[in-house]
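S.K.: For reference, the chains in residue letters:
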Amino acid sequence: MYKSPSNLDVSFKFAEQAVARGDYEAAIGALERMLFFNPNLPRVKLELGVLYFKLDSFELARGYLQDAVKGSDVPDDIRAQARAYLAEIDRRLSRHEYSVFLQGGMRYQTNANLGPNGLMVRALGQDAILGQPFGKHPDWNYFQTVSAYYAHKMNLRGDAIELTFQGLNSTQVKQHAFNLGLMEVTVGQRVAVGQNASFKYYGIGDQVWLGGANYFNAIGGGLSARTTVGSFGIVEAYIEDRHRNFFDSLNYPTASQQTGELITAAITTDVASGALHWVTRVGYDEGRAIFNYNSYKRYSIDVAFPFAFELQLFGTPHQFVFAPTAGYTRADYAAPDPVLDRKIVRHDNEQRYGAIFDAQIVDNLGVRTEVQYFRIDSTLSNYTTNSFSIAVGPTVRF
Amino acid sequence: MAEHRIIGGTLALLTLCGTASAQEVGTASAVNPAATSNLRTITIGSSIRHKAHIQTATGGSVQLLFLDKTSMTIGPNSDLTIDEYVYDPAGSTGKIAATLGKGALRFVGGQISHNGDAEIRTSNAVIGIRGGTAFISSEHVYTGYGVVTVKSGGTSVALRTGEFTVTGGGGANPPTPPGRPPAGVVAALVHKFQSSGKQTGGAAPGSASPARVATAEARATGSPKRTVVAAVTHVNANGTALVATSKRTAHAWSSTSHQSSIAKSVIHSLHTSTIHSIAKHVMHPLHK
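As given, the protein sequences belong to chains A and B, one line each in that order.
So for the first sequence, the numbering used here puts the first residue at 1; every next one is plus one.
So for the second sequence, the numbering used here puts the first residue at 399; every next one is plus one.
Accuracy of the hints is not assured; some may be wrong.
To be verified - The calculated lysine to any residue pairs, modelled on SDA-like cross-linking and capped at a C-alpha distance of 25 Å, are:
hint, chain 1, residue 1, chain 2, residue 2
1, B, LYS662, A, ARG281
2, A, LYS200, A, ARG226
3, B, LYS596, A, SER72
4, A, LYS153, B, THR574
5, B, LYS662, A, SER72
6, B, LYS662, A, TYR149
Source of the hints: derived by calculation from the structure; they are not laboratory data.
Construct the entire structure; sequences and hints are all you get.
M.R.: Printed below as a string of structure tokens:
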């Protein structure tokens with residue numbers, strides 16, 4: 001390249017190798033040289049815009065992308081790509097950034113009431129037979145979920161005030177005691193650390209309803225740290241502490257015994273390499289309830305492999321994402337529950353397998369189908385159970 | 399003895415003044431306007447030596463490619479001296495220092511700046527570059543990527559990606575606080591360092607036509623549709639970018655995962671509540 005700087009083959013080979021090893025600056029230098037040789041190369045301007053976009057240099061990316069689409073003879077595919085990036089840059093440079101995901105639908109569960117696999121269980125230290133009404137029962141429910149994110153950006157460095165909201169409402173067709181309402185709000189400040197990392201401190205508020213009654217509320221706080229891993233993805237770690245206040249109700253007369261602290265620590269990753277993309281969560285929960293036998297330590301791992309692809313349907317391209325999922329949880333309780341058995345401490349092993357299929361219908365409207373099977377093996381037969389569920393419904397994201 | 403190199407033509411003058419050192423530090427990888435005549439004119443591929451003094455006139459510009467892969471583009475009506483250049487390829491370390499007497503330059507960092515020892519002096523400030531890219535003139539500094547420190551008037555500010563500062567007062571005034579560049583500045587910078595009109599950067603006319611560039615890129619990547627940046631972006635089968643869609647999908651995944659985590663916590667306690675209340679109020683002990 002030093003001997004023959006105008007050799008295009010050598011420059012492109014150099015740029016490609018530089019991108020492959022994550023040295024975007026070297027690639028930028030090589031592509032800039034192309035514009036020295038010919039300033040009318042929209043494809044090269046698009047590529048420079050993409051590289052600066054990947055470096056989070058959005059103003060500069062916008063400069064190249066706007067330049068790329070200026071001419072009247074710009075190929076349609078380059079114009080379409082540049083416009084997609086320009087729209088995303090406008091969103092990211094705005095002081096206000098938000099995104100919302102909504103889903104409604106119906107879910108069928110083979111064990112909607114979390115009944116044990118068998119009717120032979122433990123009670124007061126003896127074997128006991130459950131009444132049939134308390135065994136496993138299938139049911140349908142209608143559900144609505146919402147996830148929302150808003151950031152007020154304080155500067156270009158990534159400092160921002162962030163607000164998140166998670167909501168879930170499900171109404172059972174028969175098992176009304178399992179009607180569930182859940183809301184969680186977090187508010188906090190994200191502080192940028194260098195170019196590719198940040199931490200956030202935040203407050204948490206929860207409210208949960210069960211069977212039409214107040215089940216618990218919680219207040220707490222968290223600290224998270226996030227960093228990019230080269231060009232591969234993001235790793236985030238967080239620790240949260242909530243004080244949960246449970247309330248007794250007609251259906252759940254002993255719920256208040258679970259009142260206490262819930263400490264959660266987890267590491268999540270969202271990483272892609274080539275066509276392979278995986279999302280993981282490794283977590284630890286420690287529940288410190290006022291009644292010792294409701295205190296526990298829970299270790300869990302979940303993994304998903306989202307695979308995105310595009311298909312032409314009725315002459316137009318549609319986006320699809322298929323993601324197999326799997327998870328495992330081990331829960332160790334602190335003491336035997338005297339109501340069940342004074343000598344047996346509860347230890348649960350839970351396995352989860354499932355898949356999620358997202359299909360784009362038009363623009364930001366789609367349909368999500370989710371199937372999941374879980375089984376819990378416990379030292380107490382009361383908690384040994386399994387269930388299969390399938391949920392389907394429309395989605396909106398913006 | 400001073401060594402003079404002149405870029406010919408009526409619009410640009412470029413001179414190169416050497417010192418006793420004959421150490422080659424890089425190459426002129428693109429030059430506008432192309433050398434046509436005169437004494438020691440810089441042409442594309444000319445070696446750049448230690449202590450080089452480079453001047454461009456109206457319409458003139460040059461891209462220097464240093465041994466550590468630092469790329470420095472000197473805009474029209476500029477004056478730059480390479481004060482110091484040391485590079486150890488084995489350790490990827492070294493030092494680069496230059497003085498921009500007037501005009502503007504674009505700095506795209508190579509190995510040396512990754513290790514934090516790149517410095518550009520202007521009449522108003524001293525600019526330190528750690529990785530990344532920077533656009534520098536006597537009047538302002540803009541950080542394309544990375545971290546750039548700007549010192550003047552006894553004050554130092556650190557610019558991060560996308561930040562801009564104004565300098566002045568012959569080094570007596572402190573730089574303005576880092577902020578967004580004024581409207582139109584970035585677009586102007588993008589244009590300032592490109593060729594204009596029929597300039598070809600020293601390459602043979604027509605040798606970098608869109609068709610030839612596309613062919614060269616296809617040969618480099620091994621595919622007619624693949625670009626060198628394909629590795630850093632999501633591209634559909636029809637070649638369109640997935641940028642917006644992938645962001646929304648990622649958010650949906652993230653939020654769903656978080657929601658699922660909360661729901662699991664609730665269901666876990668629900669399981670306990672259900673079984674416990676059943677045991678306490680409904681079970682029938684089996685008498686053995």
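S.K.: With reference to the structure, classify each hint as holding or not holding.
M.R.: Now for the hints, and whether the structure bears them out:
1. B/LYS662 x A/ARG281: Roughly 13 Å separates the two Cα atoms, so the pair holds.
2. A/LYS200 x A/ARG226: 8 Å, holds
3. B/LYS596 x A/SER72: 18 Å, holds
4. A/LYS153 x B/THR574: 21 Å, holds
5. B/LYS662 x A/SER72: Between B/LYS662 and A/SER72 the Cα gap is close to 55 Å, so the pair fails against 25 Å, i.e. violated.
6. B/LYS662 x A/TYR149: This hinted pair holds, its Cα atoms lying about 21 Å apart.
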